[in-house]
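S.K.: Single-letter residue listing:
Protein chains: 2
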Amino acid sequence: MPRLQLFFIYSLDAKSVGVKLGILGLGTVGTGTVQLLQDTAGRHPLLKEIEIYRVGVRSLSKPRQVELSTGVVTTDLEAIVNDPEIDIIVEVMGGLEPARTLILTAIKNGKHVVTANKAAISRFGAEIFTAANQAGVYVMLEAAVGGGIPVIQPLKQSLSVNRIHGITGIVNGTTNYILTRMQTEGSDFNDVLADAQRLGYAEADPTADIDGLDAADKIAILASLGFDGRINLQDVYCEGIRQVSKTDISYAAKLGFVIKLLAIAKHQTSDHSQLSVRVHPTLVPQTHPLASINGVYNAILVEGEPIGQVMFFGPGAGAGATASAVCSDILNLVATLKTNTPKSNPLLACRHENYLQITPISELVTRFYARFLTKDQPSVIGKLGTCFGKYGVSLESVVQTGFQAQLAEIVVVTHDVREGDFRQALAEIETLEAIDSIPSILRVI
Amino acid sequence: MPRLQLFFIYSLDAKSVGVKLGILGLGTVGTGTVQLLQDTAGRHPLLKEIEIYRVGVRSLSKPRQVELSTGVVTTDLEAIVNDPEIDIIVEVMGGLEPARTLILTAIKNGKHVVTANKAAISRFGAEIFTAANQAGVYVMLEAAVGGGIPVIQPLKQSLSVNRIHGITGIVNGTTNYILTRMQTEGSDFNDVLADAQRLGYAEADPTADIDGLDAADKIAILASLGFDGRINLQDVYCEGIRQVSKTDISYAAKLGFVIKLLAIAKHQTSDHSQLSVRVHPTLVPQTHPLASINGVYNAILVEGEPIGQVMFFGPGAGAGATASAVCSDILNLVATLKTNTPKSNPLLACRHENYLQITPISELVTRFYARFLTKDQPSVIGKLGTCFGKYGVSLESVVQTGFQAQLAEIVVVTHDVREGDFRQALAEIETLEAIDSIPSILRVI
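In order, the protein sequences belong to chains P and V.
According to UniProt numbering, the first sequence is numbered sequentially starting from 1.
According to UniProt numbering, the second sequence is numbered sequentially starting from 1.
Don't read these hints as lab results, they were simulated from the structure.
Some hints here could point you the wrong way.
With a straight-line Cα cutoff of 27 Å, these simulated DSS-like cross-link-like pairs (lysine-lysine) come out [as the list claims (entries may be wrong)]: (1) V:Lys-338 <-> P:Lys-343; (2) V:Lys-108 <-> V:Lys-246; (3) V:Lys-390 <-> V:Lys-375; (4) P:Lys-343 <-> V:Lys-343; (5) V:Lys-20 <-> P:Lys-343; (6) V:Lys-20 <-> V:Lys-338; (7) V:Lys-108 <-> P:Lys-338; (8) V:Lys-375 <-> P:Lys-338; (9) P:Lys-108 <-> V:Lys-338; (10) P:Lys-246 <-> P:Lys-375; (11) P:Lys-338 <-> V:Lys-338; (12) V:Lys-48 <-> P:Lys-343; (13) P:Lys-254 <-> P:Lys-338; (14) V:Lys-383 <-> V:Lys-254; (15) V:Lys-108 <-> V:Lys-254; (16) P:Lys-254 <-> P:Lys-383; (17) V:Lys-48 <-> V:Lys-343; (18) P:Lys-20 <-> P:Lys-343; (19) P:Lys-48 <-> P:Lys-246; (20) P:Lys-108 <-> P:Lys-20; (21) P:Lys-48 <-> V:Lys-48; (22) P:Lys-108 <-> P:Lys-254; (23) V:Lys-375 <-> P:Lys-254; (24) V:Lys-343 <-> P:Lys-20; (25) V:Lys-20 <-> V:Lys-108; (26) P:Lys-108 <-> P:Lys-338; (27) V:Lys-48 <-> V:Lys-338.
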């Protein structure tokens, strides 16, 4: 590396008062961000050099929890991303459009971007990062995954000296809250969901959370960083928690497991040729680090070589926690702007151009949990075993208990099996006369 | 901020092959670091630009697990820190001297430093960082605390937008391993220690671990980053685990606690005027996030506003994990060198000059656990209560069980009390005729 460098820098630095922000959106996260930036005592001193220059909102008449000077708040969001005075755009409005267009315009105008928008990044990341690299600006997204938990930056920086083997996360607080309550109270999914909606832990339309779509957005982002390439969101297998019953939670507990909605990105083979990225309810051994993550908390477990396992735990949502992540990205950009750096920092920029090949779910190799309702025939376990054996499915444990309306209940946990083979075995088992139904099929980690 | 800047850069960049490292020490961590840097496929591409230029060792004849070209390995450590070709010094030799002198010489020579040396940093940090700031170089220390867990960088960067209220860690793997085994096996401290030494989890001279000195070094470093000032190591109260008995572990369990060696830096009052920094065995509620951190694992819980609680968990030691941290620091420096930045990055540099005022342990306000052996007198609990009351100590729970050689055993847990008051009460209680002895006094979180 060069030991001798001469720099001649002409900057307009002397007159400038600070870094100017344009904030798009003044909802929960936007309000939290403004509150943090307006109350800097006891925080990093660099925050004092930030000026909230414009805040874009949908309605000027809506009552706000923060005070902003006249002229700062505007409904003209396009004017903000086109304002030459503004250095950094903070996109905390959410949704796909106009967020995407505003981000792209800001980038085209040479502005750095901080966003909390997992939906837009997981769908338009390729377009956004390509534009950012061309314009020589940074797009920062710590708040997009895990709320306040610092996980994006560690993955991009500290942990990137490792070969990442897997990223496994509880990244959706709503579903974790529901599953935790179902577990501790023995309640039904629908009852807990209704109560969670009443308490504000679940949205009126809970689809994005409950069906795993939010978690899929997040694991796509984490996988992209951990495995060094772009992810096509359509390749992420996604299954929500609507089908998880209190019966299964109770069987799982007897077998030494808890049920969690996990978002998983993992190399399936040691030669790293097969990467599986998926979201589904999962039986997690009670001794697993993720098993004790309860309520609205999030946790992300990263496995790599040589580090082994590290886990990041914290609040996955909320105004304050998310504002912490947004402001940490702003701080990082301000620090970078302060260095007057002529070249972009390779640890802040996005460096992926290739798309990652994702293994289809039928090729996944995993353990399964399945619950069968069977007619009360003495040979039914034998028949199940024969059918499983035919497709190479071997069983780790079989539990036969309980009767519901003349039906026996059989629960099996398999050894590792290719999902396609397991599904074929199930299809054949379903045709057996002794089988009434297969109410649950869940994967086991 | 300036929108217009002109840079004229004359650098010798074109000819340079990469960033040159001088590594001091080729023990466990040094070997792990060299192995990682020699095997870069699948890791961050920037690692390929690093050249292991010199490695300083004590003995050339010792067999090594890594191959290095002729001329790279040398016993002349001073020549390494004075070599003008070298950009970064990686100090992984440990110990106080000559590590301190070599680091200071490297800094004086304009070299950036990566160190895993918690003992040197906690003692000579002020001197080292002052020198580094004067020379305009960075001193990076991710590996000094928590092995591979990224915690130094999050504290310096992401989390620094928060007002930090407390940092609480299990930062010594040896003592956590011993306490975990005492707990699960019901064994005595001395037996587990002997076995841990046999298995290589504890050193032949276990003092630094067992007596909490290693944890004190680490919490001094964490506190300095979290609370933004220098720490005088002498101000850190330190108590090890030699006195923790299986009896206390068993009583704690009955009361809903586990016993952990915690390293704590915490604002005691809401006005942040009193900062307490300390290491001691602690009763931790079984539901606390740190209660389930077992074996050689480390975890650091950070509490702040507005983030709430975040926790970092992972392997606290070991060649691979520590090498991951060392290399993440090297990567960060390489990235910074690549940007040809004319100004130092305020998020990488150390910004503390003031010393933090640490509250003496007598001023600590905490709950206590105490175990008394008393003569079998009917009024003994009453006498204890009277004496505690006199000094403002109120009791949360009192358990009287068991008899050992005609003595009754009484265990109390207090409400929050000023430690000085509690000690005065104990001094008076010790003089009571009914009291045989006070075998254990532990703090409760």
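S.K.: Does each hint hold? Answer for all of them.
M.R.: Results of checking the hints against the structure:
Of the pairs offered as hints, the one joining V:Lys-338 and P:Lys-343 holds, with about 8 Å between alpha carbons and a cut-off of 27 Å not exceeded. For the hint pairing V:Lys-108 with V:Lys-246, the CA-to-CA distance comes to about 51 Å; that exceeds 27 Å, so the pair is violated. Distance check on the hinted pair: V:Lys-390 and V:Lys-375 sit about 22 Å apart at the alpha-carbon level, within 27 Å; holds. Distance hint between P:Lys-343 and V:Lys-343 is fulfilled; the C-alpha atoms sit about 13 Å from each other, no more than 27 Å.
With a C-alpha separation of about 20 Å, the suggested pairing of V:Lys-20 with P:Lys-343 holds against the 27 Å cut-off. For the suggested pair V:Lys-20 and V:Lys-338, the alpha carbons sit about 13 Å apart, so the restraint of at most 27 Å is met. The hinted pair formed by V:Lys-108 and P:Lys-338 meets the criterion: a straight-line CA distance of about 25 Å does not exceed 27 Å. Under the criterion of a C-alpha separation no larger than 27 Å, the hint pairing V:Lys-375 with P:Lys-338 is inconsistent with the structure, at around 70 Å.
Distance restraint check for P:Lys-108 and V:Lys-338: the Cα-Cα separation of roughly 25 Å lies within the 27 Å cut-off, and the hinted pair is therefore satisfied. For the given pair, P:Lys-246 sits about 22 Å from P:Lys-375 by alpha-carbon distance, which is consistent with the 27 Å threshold. Restraint check: the Cα-Cα separation between P:Lys-338 and V:Lys-338 comes to about 16 Å, which is no more than 27 Å; the hinted pair holds. For the suggested pair V:Lys-48 and P:Lys-343, the alpha carbons sit about 19 Å apart, so the restraint of at most 27 Å is met.
Restraint check for P:Lys-254 and P:Lys-338: not satisfied, since their Cα atoms lie roughly 57 Å apart, outside the 27 Å limit. Between V:Lys-383 and V:Lys-254, the direct Cα distance comes to roughly 24 Å. Compliance with the 27 Å bound is thereby established for this hinted pair. Our distance criterion of 27 Å between C-alpha atoms is broken by V:Lys-108 and V:Lys-254, whose separation comes to about 57 Å. Of the pairs offered as hints, the one joining P:Lys-254 and P:Lys-383 holds, with about 24 Å between alpha carbons and a cut-off of 27 Å not exceeded.
Restraint check for V:Lys-48 and V:Lys-343: satisfied, since their Cα atoms lie roughly 25 Å apart, inside the 27 Å limit. Between P:Lys-20 and P:Lys-343 the alpha-carbon distance is near 21 Å, which keeps this suggested pair within the 27 Å criterion. Simply put, P:Lys-48 and P:Lys-246 have alpha-carbon atoms about 51 Å apart, too far for the 27 Å limit, and the pair is violated. Annotation: proposed proximity of P:Lys-108 to P:Lys-20 holds, straight-line Cα distance about 17 Å (limit 27 Å).
With a C-alpha separation of about 38 Å, the suggested pair P:Lys-48 and V:Lys-48 falls outside the 27 Å cut-off, and the hint is violated. Distance check on the hinted pair: P:Lys-108 and P:Lys-254 sit about 57 Å apart at the alpha-carbon level, beyond 27 Å; violated. Using a Cα cut-off of 27 Å, the hinted pair V:Lys-375 and P:Lys-254 is violated, with the two alpha carbons roughly 46 Å apart. At most 27 Å may separate the alpha-carbon atoms for a hinted pair to count; V:Lys-343 and P:Lys-20 meet this at roughly 20 Å.
Our distance criterion of 27 Å between C-alpha atoms is met by V:Lys-20 and V:Lys-108, whose separation comes to about 17 Å. Taking the CA atoms of P:Lys-108 and P:Lys-338, the gap is near 22 Å; set against the 27 Å cutoff, the hint holds. For the suggested pair V:Lys-48 and V:Lys-338, the alpha carbons sit about 13 Å apart, so the restraint of at most 27 Å is met.
Of the numbered hints stated above, those contradicted by the structure are hints 2, 8, 13, 15, 19, 21, 22 and 23, listed in ascending order.
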